[in-house]
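Number of protein chains: 2
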Amino acid sequence: MATEETRYVEELADKDDFSEWYLDVIHKAEMAEESPVRGCMIIRPYGFALWEHMQRRLDDRIKATGHENFYFPLFIPESFLRREAEHIEGFAPEVAWVTRGGNEELTEPLAIRPTSETIIGYAYARWVQSYRDLPLLYNQWANVVRWEKRTRPFLRTSEFLWQEGHTVHRTEDEAERETLLILREVYQDFIERDLAIPVIPGLKTEAERFAGALRTYSLEAMMGDGKALQIATSHNLGQGFAKSFGIQFQDADGERKYAWTTSWGASTRMIGGVIMTHGDASGLRMPPRVAPIQVIIVPIWRKAPERDAVTTMVTEVEQSLRSAGIRVRVDWREEVTPGYKYNDWELRGVPLRLEIGPRDVQAGQGVLVRRDTRARESVPVATLPARVTILLEEIQQSLYKQAWEFRQRRTYRAQSFTELSERMADRRNLGFVEAWWCGDATCEAEIKTRTQATIRNIPLNQPGGSGRCIFCGRTANKWVIFAKAY
Amino acid sequence: MATEETRYVEELADKDDFSEWYLDVIHKAEMAEESPVRGCMIIRPYGFALWEHMQRRLDDRIKATGHENFYFPLFIPESFLRREAEHIEGFAPEVAWVTRGGNEELTEPLAIRPTSETIIGYAYARWVQSYRDLPLLYNQWANVVRWEKRTRPFLRTSEFLWQEGHTVHRTEDEAERETLLILREVYQDFIERDLAIPVIPGLKTEAERFAGALRTYSLEAMMGDGKALQIATSHNLGQGFAKSFGIQFQDADGERKYAWTTSWGASTRMIGGVIMTHGDASGLRMPPRVAPIQVIIVPIWRKAPERDAVTTMVTEVEQSLRSAGIRVRVDWREEVTPGYKYNDWELRGVPLRLEIGPRDVQAGQGVLVRRDTRARESVPVATLPARVTILLEEIQQSLYKQAWEFRQRRTYRAQSFTELSERMADRRNLGFVEAWWCGDATCEAEIKTRTQATIRNIPLNQPGGSGRCIFCGRTANKWVIFAKAY
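Residue numbers (our numbering), protein chains in the order written: chain A, 119 to 604; chain B, 119 to 604.
Calculated directly from the structure, the hints in this document are not laboratory data.
Incorrect hints may appear among the rest.
Said to hold, decoys possible - Derived lysine to aspartate or glutamate pairs resembling EDC-like cross-links, with alpha carbons at most 20 angstroms apart:
#1 A/LYS602 <-> A/GLU512
#2 A/LYS181 <-> B/GLU436
#3 A/LYS181 <-> B/GLU226
#4 A/LYS267 <-> B/GLU436
#5 A/LYS267 <-> B/GLU226
#6 B/LYS181 <-> A/GLU436
#7 A/LYS596 <-> A/ASP371
Bound-form chain A, shown alone:
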């Protein structure tokens, strides 16, 4: 299995520029492109098809856990944002403001939502009256805007697409259970099973909390260059927003109480995660469950009489695969060679290629080529749908396994700050560093200044016991993940 373990980072090591590879593959695979509006991207059809498959599978999980979708306005009055002090402080520098509507100046500027806790909180205050109204379990799919100075397609754009869940609960305990249910049963399950990206669920430090939250949890994934990507977050908002917006209910005991709220989001940033986790020197590798195209058929012929026979069989095979629920496309282009097509679809990361030429027609077979291992096999036409289904599942598992093994190899334990610093300076072998931390924000900030590494999170899965803080040497009981991050 040696070839399977050859990761693109190693392959790309000569190029020495993962960042350039990322922009290049997005451009060539027609996933997205720059728009004439600063920091906003155009998501092209191939990139958007990936997002649609991701959306549907994530949405299914959100609904299966009892949530319903709704839709709130794009605009938030300035005064709303200001009601939660920490919240406005966190978001003010990133807000785009509408000051004119038609030909009139607005008396109060309207923020384009950077996130919707405030306007939703305002409505929840009226929707919640009694404990019988609880919990409220809602979500919305929406565009949001955060005016970013430095942008990168999918990872950080001024406008992005996401879902934001907003729930209201009777007790702190229930809110905490919801926060973790979303983190693990919804996000982690989706990202690991469908996107084939292994993640580490954990608690964010105070410094990295969502503005206005009690506790923020995240899922952290390792990208192909060893950097971390925060790929989804889930917040227990405590009673902060409930108090700012008056979300109160009459409890069974007759008392009026403030509710507990949560919010959680996952965005088009996940697409960047898919690219940077699975891509290799030949381009993208799409996880089969969300791949826009799962099988690309390349018909091959040289002379006219061959053409008819190949066309007939390709059309039949396409139909039989489609009937089996497989997302298949035929590359009928005539102006390019089969070899050109192979490269083109490898670049786009289609999990399986099916070559059908005149000799295959005679033998009643097709040749399947895996994108992940390049392994080839001839398969009789009659069993193609069954074999493709099996291979797609194998590729799905294999991508996960490769990403998991890569993360294992690139996860280190550091005993001293020097060791941590050296790890963060070794660009070719960058990765996650596990170490003890005392919990002091000063140590966290100093480490960041000196190494550019941040505490990604405090994993839910703690080894227990205690050790010495990697920075100050005091007794520490938090086992944390350090990494450079996107």
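For chain A, the structure is supplied; the task is to place chain B on it using the hints.
Showing chain B alone in chain A's frame:
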């Protein structure tokens, strides 16, 4: 069938206020509510679930006709809007402007997209090089903003949700075929079959053309008060946008030519159409194919021992209906009576109610009640899924038939302008008036001023021949629909 033909308009005649009924039913059925942002609404979960079912079924048709989805930025630079002169003139009074991002004033204000022809045209100019690149067949689902002075939920809101298709073609003929394909095979098919709303496809007059288009086609539906709703539009944009944005291609003959473009949109306005076409004095009536809940089960019991038996059977029935692909919910509330629940779900327009009480448990049956006719029938548990499936289809057909018959009754032919004026003044019997029109914009404008009726469209289905213009009496060869409109 007399009861089936009793329409809510008649039933509501005493109230004499269809408009008040509309706002009231939206509020009570929790479809939507006002937001704190002027002219923007909150689409509540029940309203949004309807939209999701509509979206999926319309999106399926858009894809089945060869289109793919993508996503363009929310923002459009002011200079882009100005490139197409007619376009900016039409939209300028309705644009919301972003003038500040974070803490900086923008050098060029950004429009929140009122529609996206301009920014998409800019990209298409780069995507199209050769005739081999054509056609481009793309669509996006997005929010748009038009700063409206007078708003009504779903029908006219400052922000609304829609899909906007944008295509590029080699010839005028191909663009025209696309425009009509969308109008009839996509929109009309969806609206008539799934929303059970009969529509009239036709050409808009020059006065009502989309700003910048060559020809605009629309689908016009009759609402329960006899007014018209323009429920979807499809535009042949000619070469106007291609020339403004430089969408050119090298044709097979080697010449560089301007392309032909189309655009087409349908929005959350369609939800208003569903409400105003099918609603009656008891509330909404949801067309089964898009109903968020197709069957509501109301369990009935008085004493504790009854309760267990009813609960067991209800749970089994719920499962069997769900397994049959039916969208079913059980109203388990204990604090309200069954009678209250009946009203509540009738208000929300759930097509079928299933009552299950102790005697039903003994008889191994449930009682199905249709929302449209109130007809009741007892059905053995084993055959419930099959019977429900049949009834849902019957209700779907019946809603369409009622709406169609209502439109027939309320469609008049006028021989004189006096007759047209009288029809438009008879509020209780308002409807569509068919008449000849000479094609002169002056006649059209005068009729509007005097009667408030507009030409809805020039139906594709023309009787042929000619007559005398309803206003000026000159020879006229356009058979048109006049109506008051939303």
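Hint check results:
For the suggested pair A/LYS602 and A/GLU512, the alpha carbons sit about 32 angstroms apart, so the restraint of at most 20 angstroms is broken. Under the criterion of a C-alpha separation no larger than 20 angstroms, the hint pairing A/LYS181 with B/GLU436 is consistent with the structure, at around 17 angstroms. Distance check on the hinted pair: A/LYS181 and B/GLU226 sit about 42 angstroms apart at the alpha-carbon level, beyond 20 angstroms; violated. A distance of roughly 53 angstroms separates the Cα atoms of A/LYS267 and B/GLU436; the hinted pair therefore is violated under the 20 angstroms criterion.
For the proposed pair A/LYS267 and B/GLU226, the alpha carbon gap of about 17 angstroms is at most 20 angstroms, so the pair holds. Using a Cα cut-off of 20 angstroms, the hinted pair B/LYS181 and A/GLU436 holds, with the two alpha carbons roughly 17 angstroms apart. The suggested pairing of A/LYS596 with A/ASP371 is violated, with an alpha-carbon distance near 39 angstroms, which exceeds 20 angstroms.
Of the numbered hints listed earlier, those contradicted by the structure are 1, 3, 4 and 7.
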